[in-house]
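Novice: What follows is each chain in one-letter form.
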Amino acid sequence: MTTLLSPRPAILDERISMKYGAGGRAMRALIEGVFLAGAAEAPNGNGFAVGLSAMDDGAAIRVGDRWLVITTDSHVIHPVFFPGGDIGRLSISGTVNDLAMMGATEVLGLTCGVILEEGFALDDLRRIQASLADTCREAGTTVVTGDTKVMGKGELDGIVLNTTGIALTDRVVPDSGLRPGDVLIVTGTIGDHGMAVMAARHGLDLEGELRSDVAPLNGLIRAMLAAGGEDVVAMKDPTRGGLASALHEMASKAGVGILLYESAVPVAPGVRAAAELLGIEPLHVANEGKAVIGVRPGAAQRVLKALRGHPLGRHAEIVGTCLADPPGALVLDTGFGRRLLAEPEGEPLPRIC
Amino acid sequence: MIPQEGGFAQMKFRDPARGKALAAELERLAREIGREPITLMHVCGSHEQAIARFGLRATFPPSVDLIMGPGCPVCVTDLPEVDEAVALAKSGVRVATYGDMLKVPGRVFSLADAQSEGAKVDVVYSVSQAVDLARSTDEEVVFFSTGFETTAVATAAVILSPDRPRNFSVLSAHKYILPAMEIVAEIPGTRIEGFLGAGHAAAITGWGIFEPFAAKYGRPVVVAGFEPLDILAGLVKLLEMVRDGRGGVANMYPRCVTKEGNLRAQEQLWRVFETSGGEWRGIAFVPDGNLRIREEFADVDARRRFDIDVTSLWTTAPSELAKDCICGGILSGLASPHDCPMFGKECLPDRPIGACMVSSEGACRIWHQYGGRPDLRTLTPQPPLPSPPSLPHRERGSEQTTEVRV
Chain A
284 MTTLLSPRPA ILDERISMKY GAGGRAMRAL IEGVFLAGAA EAPNGNGFAV GLSAMDDGAA
344 IRVGDRWLVI TTDSHVIHPV FFPGGDIGRL SISGTVNDLA MMGATEVLGL TCGVILEEGF
404 ALDDLRRIQA SLADTCREAG TTVVTGDTKV MGKGELDGIV LNTTGIALTD RVVPDSGLRP
464 GDVLIVTGTI GDHGMAVMAA RHGLDLEGEL RSDVAPLNGL IRAMLAAGGE DVVAMKDPTR
524 GGLASALHEM ASKAGVGILL YESAVPVAPG VRAAAELLGI EPLHVANEGK AVIGVRPGAA
584 QRVLKALRGH PLGRHAEIVG TCLADPPGAL VLDTGFGRRL LAEPEGEPLP RIC
Chain B
53 MIPQEGGFAQ MKFRDPARGK ALAAELERLA REIGREPITL MHVCGSHEQA IARFGLRATF
113 PPSVDLIMGP GCPVCVTDLP EVDEAVALAK SGVRVATYGD MLKVPGRVFS LADAQSEGAK
173 VDVVYSVSQA VDLARSTDEE VVFFSTGFET TAVATAAVIL SPDRPRNFSV LSAHKYILPA
233 MEIVAEIPGT RIEGFLGAGH AAAITGWGIF EPFAAKYGRP VVVAGFEPLD ILAGLVKLLE
293 MVRDGRGGVA NMYPRCVTKE GNLRAQEQLW RVFETSGGEW RGIAFVPDGN LRIREEFADV
353 DARRRFDIDV TSLWTTAPSE LAKDCICGGI LSGLASPHDC PMFGKECLPD RPIGACMVSS
413 EGACRIWHQY GGRPDLRTLT PQPPLPSPPS LPHRERGSEQ TTEVRV
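Heads up: the protein sequence lines correspond to chains A and B, in order. Using our numbering, read the first sequence as starting at 284 and increasing by one per residue. Using our numbering, read the second sequence as starting at 53 and increasing by one per residue.
The reader is advised that the hints may include incorrect statements.
Said to hold, decoys possible - In silico DSSO-like links for lysine-lysine, alpha-carbon gap of 27 Å or less:
| id | chain 1 | residue 1 | chain 2 | residue 2 |
| --- | --- | --- | --- | --- |
| 1 | A | Lys302 | B | Lys155 |
| 2 | B | Lys172 | A | Lys302 |
| 3 | B | Lys375 | B | Lys397 |
It should be emphasised that the hints constitute simulated quantities derived from the structure, not laboratory data. Predicted model, so just to flag it, every value in this text is computed and none were measured.
Construct the complete structure from the given sequences, taking the supplied hints into account.
Specialist: In structure tokens:
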């Protein structure tokens, strides 16, 4: 291992609790302590591969003179239909975005495994299928094979979808490529998905202001990469655990410090209000249609312009810079002073993607 | 290059530009005072939350040390009080309490332990929710109530309400903050030169209540609100008073606090509660520090209504780790979470050893939540906007995309 993944040795509990699936420090500890510890070495064809131990958004395997990128993602969400999307749109976007975050924006195809709970309404399934198909069209891909299972009542919560995607690219963008001086850009407002889902789940009436941002980002990333080229050095989609978790991971893998300017991070007014009300940091809330991108300083304006020229990147902003010190730390400038921004242990909202 | 305004309106009491002006004022006053450290104490978890959340300590002059005192009512709830609640729950009574209380360790068990063994423990967000719970069942429901004056007022209102259900009673662990401030002020060798008073408690009691305290100990008290500018402005006032060697009380939260306070709430509070002495966890015996239900309301006082046997809980020895916990020192303002060798290691929000790591108002929990080190004065460069350093690039993380050995 070349990267420092965990600043503290992780202690795992004897039983799995919800926090181990929430995208924060606990989940990383579980992956490191169980899956990574027992994993065989990844195929190492031409001396280069991104495998499990990189703990990136997906794996990259050398095929001829190109990279085959592969990723898989299982989706459970309650409620299944939420403002701005549904589990179908989520499961296509999640996998397409994981591929895009590796620089692979031309998706060859997706698989879709469906597990249903006995009693699930056929009408709902049809709606989900239509949403899957629409989102695939948006991303310029299709589901090429699938699988269906049904389990007994009470054995799962309605529906679970698993999607796997493959894509080819000439250049893999890892999440570990930052170095001091690099500039960080987010592609739009932060916290929309998690807040919308939580509001829907708890019947929080905020007058329809909250909508999930769930969307496939490969078009946006393709346009951005065309402008930024080799100067785009790291990407991540801040899903579970939010922007804070994504930046922590990028900082610790690259061994740089990240200075994040709170006032520069775009947050929609409805999300800000809900976050204030609930005492949750928008920086810890999940996104499903956003990316955080690390670029060399000279390319920042060029990349920002390309992002803002795309409908999904209109609110893109430069939000931070990389420092040599303190390595691995995420420092938040609140406008008043500075503090460390903690990596969330679990998720403030369980099971939102 | 970094935009300073995000395009969304800043709230009135969160204007960083005004914050910087106040921080400069603090700097000037600290220079005028000229000695160090200048130790100040606040006594409120909500103040610590805001200070940590907005990174305010990083803006304080190096000589100013603002410490958190006994301002977390959950943290100072003593072992015997937790034991009483656990014993009630284990005896089959339904216990409703604030979520913060669930994991607070008693002598051996917490309410969460009792719950995992099958006892009925309900988390509520307010006393009225506990009343609703009692209405929905025939079982005995005991509300294990904690908090300072502000929360005690809500409990008092329910106890006075004529239609409160008969199966509802209260186990009071309410605390009264002023006597604890006196204890802290009397600790031999204390360096505390001034106090920041909690705005919401003062909204009930009025700021006048601090006048005898300030006179007796010759130290200033400034009542402040909870937005970053409230706190910074309160500290500026406090440093002015320290510089001038003045005692006395200043009210920097006039939009909520008057000299007399909320008289109706005070009347209800003292009709239901009286003060009595009691241990505060880790601090000391605090004369008049506990709020107990008056005899007149015996039927709603769980201590009089039930025969609570706490000794039945003492079947095993308390955890060895608990002996290393320095919560008491932290709550008295003698230590900070960083002085504790277990902070962030054995003691985590998930598996707290001391009460300060349990409660969202506890110093350890707050420090952990905001990165484990809220004071970055020594960690980051002082200029507000350092341009990214143009250092020679390091060897690692070079432009090669995927150099990961597997």
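Novice: Evaluate each hint against the coordinates.
Specialist: Taking the hints in turn, this is what the structure says about them:
Between Lys302 of chain A and Lys155 of chain B, the direct Cα distance comes to roughly 17 Å. Compliance with the 27 Å bound is thereby established for this hinted pair. A threshold of 27 Å between alpha carbons decides the hint, and for Lys172 of chain B with Lys302 of chain A the separation of about 24 Å falls inside it, so the pair holds. In summary, the hint linking Lys375 of chain B to Lys397 of chain B is supported, as the alpha carbons are separated by about 15 Å, within the 27 Å threshold.
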